[in-house]
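Protein chains: 2
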Amino acid sequence: MSNIRHALNVKRADDFAQWYQEVISAADMAEESGVRGCMVIKPWGYGIWERIQRLMDERIKATGHDNCYFPLLIPLANFEREAEHVEGFAKEMAVVTHHRLIADGKGGLIPDPEAKLEEPLVIRPTSETIIGDAMARWVQSWRDLPLLTNQWANVMRWEMRTRMFLRTSEFLWQEGHTAHETAEDAKEHTLRMLEVYRACAEDDLALPVMVGEKPENERFPGAVETWSIEAMMQDGKALQAGTSHYLGTNFARASGIKFQDREGGQQYCHTTSWGVSTRLIGGVIMTHGDDDGLRVPPRIAPWQVVILPMLREDDGDAALLEYCEKLRKGIAAQTALGEKIRVLLDKKPGKAAAKRWDWVRKGAPLIIEIGSRDMEAGTITRLRRDRLWNDAGKPDFASRGFDECIGNCGPVLEEIQHRLFGEARERRDANIHRGIDSVAGLTEFFADSQRYPGWVEVQWSKPTGAALDAVVKQLKALKLTIRNVPLDAAPADGACIFTGAPATERIFVARAY
Amino acid sequence: MSNIRHALNVKRADDFAQWYQEVISAADMAEESGVRGCMVIKPWGYGIWERIQRLMDERIKATGHDNCYFPLLIPLANFEREAEHVEGFAKEMAVVTHHRLIADGKGGLIPDPEAKLEEPLVIRPTSETIIGDAMARWVQSWRDLPLLTNQWANVMRWEMRTRMFLRTSEFLWQEGHTAHETAEDAKEHTLRMLEVYRACAEDDLALPVMVGEKPENERFPGAVETWSIEAMMQDGKALQAGTSHYLGTNFARASGIKFQDREGGQQYCHTTSWGVSTRLIGGVIMTHGDDDGLRVPPRIAPWQVVILPMLREDDGDAALLEYCEKLRKGIAAQTALGEKIRVLLDKKPGKAAAKRWDWVRKGAPLIIEIGSRDMEAGTITRLRRDRLWNDAGKPDFASRGFDECIGNCGPVLEEIQHRLFGEARERRDANIHRGIDSVAGLTEFFADSQRYPGWVEVQWSKPTGAALDAVVKQLKALKLTIRNVPLDAAPADGACIFTGAPATERIFVARAY
Numbered sequence: 181m182s183n184i185r186h187a188l189n190v191k192r193a194d195d196f197a198q199w200y201q202e203v204i205s206a207a208d209m210a211e212e213s214g215v216r217g218c219m220v221i222k223p224w225g226y227g228i229w230e231r232i233q234r235l236m237d238e239r240i241k242a243t244g245h246d247n248c249y250f251p252l253l254i255p256l257a258n259f260e261r262e263a264e265h266v267e268g269f270a271k272e273m274a275v276v277t278h279h280r281l282i283a284d285g286k287g288g289l290i291p292d293p294e295a296k297l298e299e300p301l302v303i304r305p306t307s308e309t310i311i312g313d314a315m316a317r318w319v320q321s322w323r324d325l326p327l328l329t330n331q332w333a334n335v336m337r338w339e340m341r342t343r344m345f346l347r348t349s350e351f352l353w354q355e356g357h358t359a360h361e362t363a364e365d366a367k368e369h370t371l372r373m374l375e376v377y378r379a380c381a382e383d384d385l386a387l388p389v390m391v392g393e394k395p396e397n398e399r400f401p402g403a404v405e406t407w408s409i410e411a412m413m414q415d416g417k418a419l420q421a422g423t424s425h426y427l428g429t430n431f432a433r434a435s436g437i438k439f440q441d442r443e444g445g446q447q448y449c450h451t452t453s454w455g456v457s458t459r460l461i462g463g464v465i466m467t468h469g470d471d472d473g474l475r476v477p478p479r480i481a482p483w484q485v486v487i488l489p490m491l492r493e494d495d496g497d498a499a500l501l502e503y504c505e506k507l508r509k510g511i512a513a514q515t516a517l518g519e520k521i522r523v524l525l526d527k528k529p530g531k532a533a534a535k536r537w538d539w540v541r542k543g544a545p546l547i548i549e550i551g552s553r554d555m556e557a558g559t560i561t562r563l564r565r566d567r568l569w570n571d572a573g574k575p576d577f578a579s580r581g582f583d584e585c586i587g588n589c590g591p592v593l594e595e596i597q598h599r600l601f602g603e604a605r606e607r608r609d610a611n612i613h614r615g616i617d618s619v620a621g622l623t624e625f626f627a628d629s630q631r632y633p634g635w636v637e638v639q640w641s642k643p644t645g646a647a648l649d650a651v652v653k654q655l656k657a658l659k660l661t662i663r664n665v666p667l668d669a670a671p672a673d674g675a676c677i678f679t680g681a682p683a684t685e686r687i688f689v690a691r692a693y
Numbered sequence: 181m182s183n184i185r186h187a188l189n190v191k192r193a194d195d196f197a198q199w200y201q202e203v204i205s206a207a208d209m210a211e212e213s214g215v216r217g218c219m220v221i222k223p224w225g226y227g228i229w230e231r232i233q234r235l236m237d238e239r240i241k242a243t244g245h246d247n248c249y250f251p252l253l254i255p256l257a258n259f260e261r262e263a264e265h266v267e268g269f270a271k272e273m274a275v276v277t278h279h280r281l282i283a284d285g286k287g288g289l290i291p292d293p294e295a296k297l298e299e300p301l302v303i304r305p306t307s308e309t310i311i312g313d314a315m316a317r318w319v320q321s322w323r324d325l326p327l328l329t330n331q332w333a334n335v336m337r338w339e340m341r342t343r344m345f346l347r348t349s350e351f352l353w354q355e356g357h358t359a360h361e362t363a364e365d366a367k368e369h370t371l372r373m374l375e376v377y378r379a380c381a382e383d384d385l386a387l388p389v390m391v392g393e394k395p396e397n398e399r400f401p402g403a404v405e406t407w408s409i410e411a412m413m414q415d416g417k418a419l420q421a422g423t424s425h426y427l428g429t430n431f432a433r434a435s436g437i438k439f440q441d442r443e444g445g446q447q448y449c450h451t452t453s454w455g456v457s458t459r460l461i462g463g464v465i466m467t468h469g470d471d472d473g474l475r476v477p478p479r480i481a482p483w484q485v486v487i488l489p490m491l492r493e494d495d496g497d498a499a500l501l502e503y504c505e506k507l508r509k510g511i512a513a514q515t516a517l518g519e520k521i522r523v524l525l526d527k528k529p530g531k532a533a534a535k536r537w538d539w540v541r542k543g544a545p546l547i548i549e550i551g552s553r554d555m556e557a558g559t560i561t562r563l564r565r566d567r568l569w570n571d572a573g574k575p576d577f578a579s580r581g582f583d584e585c586i587g588n589c590g591p592v593l594e595e596i597q598h599r600l601f602g603e604a605r606e607r608r609d610a611n612i613h614r615g616i617d618s619v620a621g622l623t624e625f626f627a628d629s630q631r632y633p634g635w636v637e638v639q640w641s642k643p644t645g646a647a648l649d650a651v652v653k654q655l656k657a658l659k660l661t662i663r664n665v666p667l668d669a670a671p672a673d674g675a676c677i678f679t680g681a682p683a684t685e686r687i688f689v690a691r692a693y
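Just so you know, the protein sequences line up as chains A and B, in that order.
If you use the numbering used here, the first sequence corresponds to residues 181 to 693, in order.
If you use the numbering used here, the second sequence corresponds to residues 181 to 693, in order.
Quick caveat, the hints were computed from the structure, so don't treat them as lab data.
Owing to the predicted nature of the structure, the values given are computational and were not obtained by experimental measurement.
Treat the hints with care, as some may be off.
Same chains, same names: a pair is fine if it fits in one copy or spans any two.
[Said to hold, decoys possible] Pairs of lysine-lysine, BS3-like flavour, derived with a Cα cap of 25 angstroms: (1) K241 / K271; (2) K509 / K241; (3) K535 / K367; (4) K506 / K241; (5) K509 / K520; (6) K241 / K528; (7) K286 / K296; (8) K271 / K659; (9) K241 / K535; (10) K520 / K241.
Here chain A stands alone, though its shape is the one from the complex (with noise of 0.2 angstroms):
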């Protein structure tokens, strides 16, 4: 298969981080602002998103939740409640210090100093203080418990190095914030919410992804637990995809939400927070782009298929088009995958052929070709995108009846969607290491600094405090973390790798974006 002459030019294999780059260009998924460390996203990569938040709008809603919209800007006095909080925020967001511009005199524009706020406000880097405030005002009884919230938004963070979807200062995502009667309760909903994440990175994106408790390092700042799935991408490395955060009663006592419990006591509510955003692009890209460009999950996909007439330019032109739209039609009155097929009939200007790469390029799943002399045989030519080549390396057209074509599509695109998600999970348990039962074999396992062969299973004694700074930083020179203790993991029955006490459970250690 040497011979293929693929469509980037950038191979995984040879620089994963300069081919991610290239997937987002050449997909025209999004690009650089020109603002520090905001991008902006093109229609390919923003009707993903459309997707992604279609399908995770309708499982947080099946859940009990209701959207609602808080304000963007948090005044400075909400981050000096919680002291965990602030500290784990404080250095790295954006203070508007005032409402008004002023010519400079220069032909310029300054801050107006009589326009300088009393108090600065802060772009949101996520709402539980602000939330907080208004679940303040919202509860009084445990009859209104429980309070389950979602907002769709955008947050900013400031960051010092940015990429792509995966780390962007500002940066769009869901945030649920729920207010419960108990902890139990609580901490069912922190699940809850987690299997939600599971079920659309799993069921929508087709990412396979562990699900457990990040460490007591890796906590949300202010939670008393942190829960996450962890998705492996295509070298290797993690990428946190979604936490679910139980935050014990830490923020309602900083808000005060309060209830009158049933015995006409007052207490504080147990609350959670949840989140996903624009990050999981970067994961679907990292998990399903090959040197060709990106495939995308037929149920995520803005496009599932392409229809793209070989125009002449000449009197012909209006019969196949013609003959396209009909096609059109009938797939889109098919189903796929419990939803209407999403079909396009791409009538821009340009040769078939290189539009047929810009679509294998963004990743639609499904490329149908028809040229004037299918339309005589009442046929078409189909791509899959999901297995592009053949044996002899030549882009794998295949014929298809017109009738037995409009048919098929539903089956063909729920075969990808499941392909896609079985190819990563096979790729993911294949590079998922266990037996390793020492810090040596962990060093030595990752001696290449270079490329990183998945994630180890290791077990551990669960130290807690300084005994865990020491773990940390042990595996931070090793450029490691770990990443979550799985739910589904064995029971303990070893030495801690770290400390040689008994382990207690098992985690996954691994690099991570």
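Model the placement of chain B on the given structure of chain A, informed by the hints.
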């Protein structure tokens, strides 16, 4: 009908402004956030916005636009480029000057002086300038045109006097931005999007609107033409419900949006922009609300039908809930206005009567109550929100058979949608006055500063510059503004009421929000 006990404490006729605030609070749509000028949009208000968003988004996509996302923060330099634009906005923008907070040593936080931005950034009041930068990168040739983009986003304008939904510092909106080859094409598109707004306002929100061009003094900063849709509120004031701007080449010159034309020369694009915002929700309240709260047009109602079981907290409840669930499923399988009916079985604790009035205040179009006696008789009791009271001044409950109810929810919802629109249009048309041919007549007409008798269509000579300023000043003294020059007005046939010169067109003069 004076014996009706309405669900609100304030009547429209007594204090319209106070009534407006009470509807928002009684329908649980939004509240003050504690952050200056920013509101919290609560589930019922946000649910209406989600419906408006979905319907408008479909219309925007159907006219060929792709959604994108552009940065929240805009460099000062962008505003310095377009003189008129900055003049229009510079006075009211939130300015980010620092990217970090530090402890002030007294338990508080302050912006870190070490983290001052070299160039301050502005929270977008609108995105012409930053999207212009992107368009300059994206457009090379006439083949790239038209470029049709849209974004759903939050924006911020530092308003001194705010009113929920109508004027808030932060608000949610959609802003479309397009670039075209010729002035004709851009002007045509400006009107195409105005028509999309009209259709959405009238067909989805049931808001009758007047479509027309704004006078020179009311143009968007930097625009060549500004068009609007104007709706009449129940107090006779006008609400600008959406605007569409033809920007000429002003922004293209400022941002360098150039293209190679068909002859190989370089030209500046002609651009347009257009937006509608959460302000529309204010328009819905002030058009359809009554002394019992909001009435939501079915097309934008988050729940169109609400079923309230009259639970007794005894053994019979299970059977009653089962009966209600069967009804819910039956109704949910029906369609109204081209979509599946959105029906809620409200099982929350509380007396059915109290819950009924909550849903009346929220304005759910159809409320169904079911007690055990109804169940035994195989009937339901239904209340239409658009005709709440019978001639005796009592809630106009109607009894319907179970199957009959399922079958006619769709037709009844459609009837409610059309009745709300018809009622608003009749009221609007009855309050448009023609035939006033002098400023003295206008003064007399609007003499009572407490009541607004509607809009007046007058003839004028379309003065510009200083002459227009004089007219605006004259009107301002009467608290009046020119709303727009209606597209479908009769031709002018008299004298300008301001200048006495022969009139060239007709304009709407009104008090406005």
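Hint by hint, which ones does this structure get wrong, listed from lowest number up?
Going through the list in order, the structure violates hints 1 and 3 and respects the others.
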